[in-house]
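Trainee: Given next are the chains, with one letter for each unit.
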Amino acid sequence: MKFRKYFGLRLVTWALTILIGVTFIFFIPRMFPTDPVENMIGQIQNRSGQMDPTEMAALRRSLRLQFGLEGSLWEQYVNYLQKGLLRFDFGPSLMSFPTPAGEIIGTYLPYTLLLSLTSTLLAWVVGNIIGLLAGFRKDKRSSKVLEAIAICIYPIPYFLVALILQIVFAFILGWFPLQSTINSMGGLGAYLSSLLRASALPAASLLLVGTGWWIISMKSLSAATAEEDFVQYARFRGLSEGRIGTGYVMRNSILTQITALAMSLGGAFNGAIMTEIIFSYPGVGTLIQKAILQSDYNMILGCITISIVAIATATLIADLIYPFIDPRIRYS
Amino acid sequence: MKKFWRNANGRLKTGLIMTAIFLFIGFVIYYIPHVNPFFQNTYGRKLPPSGTHPLGTTSLGQDVMWLLIEAIHNSLTIGLIVATIGTVVGVLVGLVAGFSGGLTDRALMVVTDTFVVIPSLPILVLMTALMRGNSTVVLLALVLAMFAWAWPSRQIRSMALSMKERDFIQTAWFSGEGTMQVVVTEILPYALTWSLSNFMNATLSAIASESSLAVLGLSPGNLLSLGNMIQWARDRNAIFARQWYWIGSPIVATVLLFIGLFLLITGYNDYLQMKRGR
Amino acid sequence: MRKLVSLLLVLAMMLGVSAAFAAETTIVGTPRNETLIVETQIPTDTPGQFNSYMQGTSMGFGIHQLMSAMMWEMDTIKGEQFGEVAEGMPESNADFTEHIVKIRKGIKWSDGVDLTAKDVVFTMNMIRDTKGINASAYYNVVFKSIELVDDYTVKIVTNEPFPRLALRFGVTIWGNDLRIVPEHIYSKLDDVTTFKDSAPVVAGPYTVKAYDELGVWVLYERREDWQNSTVGVVTGKMPQAKYVLFKALGDDSTRQMLMISNQVDIMVEVTPEVLEVMKEQNPNIAAWYKDFPYATSDDPCSKGISFMMGKAPYNNKDFRWAISFALNFDETTMDIFDGVGRASALPILTATTAMQELYLKPLKEYMANLEIDLGDGTKAKAYDMDYAKRIGDKLRAEGRDIPTDEAALEDMFGIACYAYNPEAAEKLLVKAGLEKKDGKWFFEGQPFKINMSYLANTEHQAGRGLISAYNQLLKFGLDCNLVSESSATWDSNAALGNYEIGGYWPTGGITKDLYSVINGYDADLIVPIGERGSGQASRWNNERATEIIHELAKISPEDPKSYELGMEFVKVAIEDIPFIGFHSGVKFVPTNTTYWTNYPSAENAYNGPWWWWSCFKYITTEISPVSK
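Chains as they are written, first to last, in the working numbering: chain A, 1 to 332; chain B, 1 to 278; chain C, 1 to 628.
Simulated from the structure, these hints should not be mistaken for laboratory data. Because the structure is a prediction, the values reported are computed rather than measured. It cannot be assumed that every hint is accurate.
Derived EDC-like pairs (lysine to aspartate or glutamate); straight-line CA-CA distance at most 20 Å [to be verified]:
(1) Lys46/B x Glu276/C
(2) Lys140/A x Asp270/B
(3) Lys46/B x Glu331/C
(4) Lys5/A x Asp235/B
(5) Lys46/B x Glu280/C
(6) Lys275/B x Asp89/A
(7) Lys290/A x Glu398/C
(8) Lys279/C x Asp235/B
(9) Lys290/C x Glu224/C
(10) Lys290/A x Glu459/C
(11) Lys46/B x Glu398/C
(12) Lys196/C x Glu227/A
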């Protein structure tokens, strides 16, 4: 019963989070004096020269309708909630008109998910293992060195790490492709190998920075736990250090880290965007950048809506798993 | 002060010294009269480091050292504005949520969680792309601050929840002090110590966000920040043309500044923990 | 830990080996030495979409360079058009309302069907009758009827006299929106605007072999029957590369690394800083000129600063001349491309080689003598005729190899630049109604501040020019604000007149007849600030210029009067200075001779280096493999 109530509440929060997020996203671009219709007409004019005034008015009207900009702001908003949020139908991409924005996003989303999820999870696992070791044996020389390295890598801006990796491993050593080109035509084998090669460096740069943070936080957590009474007690009981490490220190510190993981997903997405742009990796990040530069409203809205939904859902899942790992939790 | 220094751990000391140096550069040395480093063709182009130009000049005839000093100043300013707004708003929201409880708490926390969860970069990119024509340092800082308050407010709320039960608060309450008074006299000082590390963290992440935006070419074109300095050098291909002083100095400065702030944060947290432990 | 590291190393080495193994084939598996790799500027969001009449198709992704059939193409060196699908130029009646267009015989679509007048008539009527095609409205205004006379003759009737049929519906710059489609395929469609055409039937020499579902590349293969393609019929020559791979390359650092490591043959455009690094690292990389200045100055869009003349004081020519006098071109040119580039000190018209011969050299005397009245009884020379020699000396002193011959210098640096004269600038500002108090300028009692906007990150030449001007005006004492814009706001702000001084480039100049360059400056097209008109973003209101445009509209481009009127227009514009030109379009267009050679270059100028224009198909017959 308690779990059901917790579950229900958590679901409501999830829905509200998404609603607030997308409302925010819906209204921001409309507060600024740019107009995708005017932009589009500008581009058509640039391409095809002069335009008859009456025809231009007609074109303007029909573009507004097609772009979902007709009607009051409130009507547009309701329309967006109905279509966009419930059916992921964001209308046509304005720059690739009339191809639906949702269709284009659908092509790229898996790549971003693959890149950011795997690297985030991997960074979390690796970072926590190293951090645990370092925290548990915090007086060892090796753990101090590890931590120092982590502290020096973590604050380096993403794009720099990405650029350095690109120059060293792709340009100088030539181990990886300079540009994330994926061979989608040459059969499954070629596809997978090119995908792997293309994702290696972007993932590595995300991993490097991500791991640093988890090492640092896990280390301080486990160091603190290791000082607690019940751990000391376990030592007196003569349990092996290994068992204390996994059984006591890890079990207690990992819970905090699971929450932190859920909270960090938004940040991981930010990192993925930067990385994608630098390696021209075909994902939602590059799509967002292009869409924003061309003021493709529907595409922007689509990309960010989907990312909000994805991240909120991931957080929800993490929160729901949480009680199964920590028996002490009360569903409140 | 002396006592503090004696009790401070190595990280806190290193972090303090590093950060202090940057603050000194950004807010003291910066005020030594100098030619506006933004002006092009003030000096010769691509000069190597020398007595007059310790870090050489750019391909546009600007002095790299003064560019760097001004960039540090502006980046720190942005960081501090963002952190101030973020912390003040965060503390207020967190305290209100924590102490009022009930529906107010729920509502505030949903909003807060939204801002913790939604990815900030695409929204920042969107906003800066739309307003870049009119953006200034302050405006940019305001936009960045939108995402700076949520995390501290979450933290402060949980702190407030635990404090609500503590004896000295209960005592104050029973002795007839109003909620407002309790909050101001008893809780705020406590919350501020708490949020100091948040403050530094917000400074760091604001500077990092600004440089991300700059690298995407979205920071205002006349804002001389660390991020823009890197971007402008990149724009003139300084990396591959091996103009190390020009491209390297803002990068090294950013990394050192981040490491300094980071050491300060973790050192300070350890210090607090140790103090509380006593 | 050690195990993990060694595992990673092994994995990395395996990937490395496979990379080395893959070096002689391209990413798409074609032999590298049979594949010409050409850069395209942005990846497409609509992969597999090759129909030029569906919106969102990226024409520059090789589509119009290799596949489209144009009515008339451009010889970019001579500045003359020639028939591609059309046989020769159109023949018009005396008042230019009826036009007979002959169609070239022998061209076949890639599925073997003959390309005839039917296809042309069908395409033009399709554009006119399909509302969803952008040019439809314009076709309705222009054309009364488009009819088939016989299989190889089309009769076109226009509503008004239309002497420039080929100039408007054939290629002059970049491409044209009239691309002939196969009637036997397109006539069966319900809606042409939603037809993707993923396996297009084309008249050009290449067809689509494969494309990336993520929009990064498209692979084209030469037609087996290339003899029957447009290029085959027009030139009789075979495009030499079996495959052409168009590919988006990413940001500047990635692009140059790809080029240095021979993974690209042709790049669209780079900055001189990038070119220098690439040349240093890879001797096979070159641009239009082998040595300094590397770049061609023949792109017909000059860059400079544009005024929004819909409001005071920008509508005052004295103010505009004052700005011109306040700018030191010697600084500007160093700031933009280290001194490279032909000065194009003209509004609207661009000093390409052809235009320099046709218009600028005859005007030399006039420019040298032109003086501006400063309002206090004195006058100042408008032009600085010594620029070429001076900058030549300066760059030679820096160690560059600069010719001393006057003609060569003029070709490299132009015949003149705007004069730098800060005193004259101050006097003219006063004449224009500004006041100087305590070192600050005031206009109508208010502190005067200029907003200067530029498009960030995409157009280096224009952006750097504007930033340089911003710097110099600040130093001169005018208060300015620098506004960097993304393309999200740039176009809107231009059309709405929402700027003061901008790095826009409303310039041109490729054919002797100037009508297509100048017709947008018709004062009748001006709309109030905040409204979007058609043309005239800068809202230049000049009576004589407008008259000339109206007169030109009625006469044939071949009429000798067209040249006289063009010349007069240039003089009117020079005196009224609606735009301050810095350089003609300066393009650093790198090519890599590791796998392919005989690219067009200064020594071998069979065509311009315009890979992104539709004339690229005529370059493919000349680019030949390096024999190993």
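Trainee: Sort out which numbered hints this structure fails and list those numbers smallest first.
Mentor: 4, 6, 7, 9 and 12
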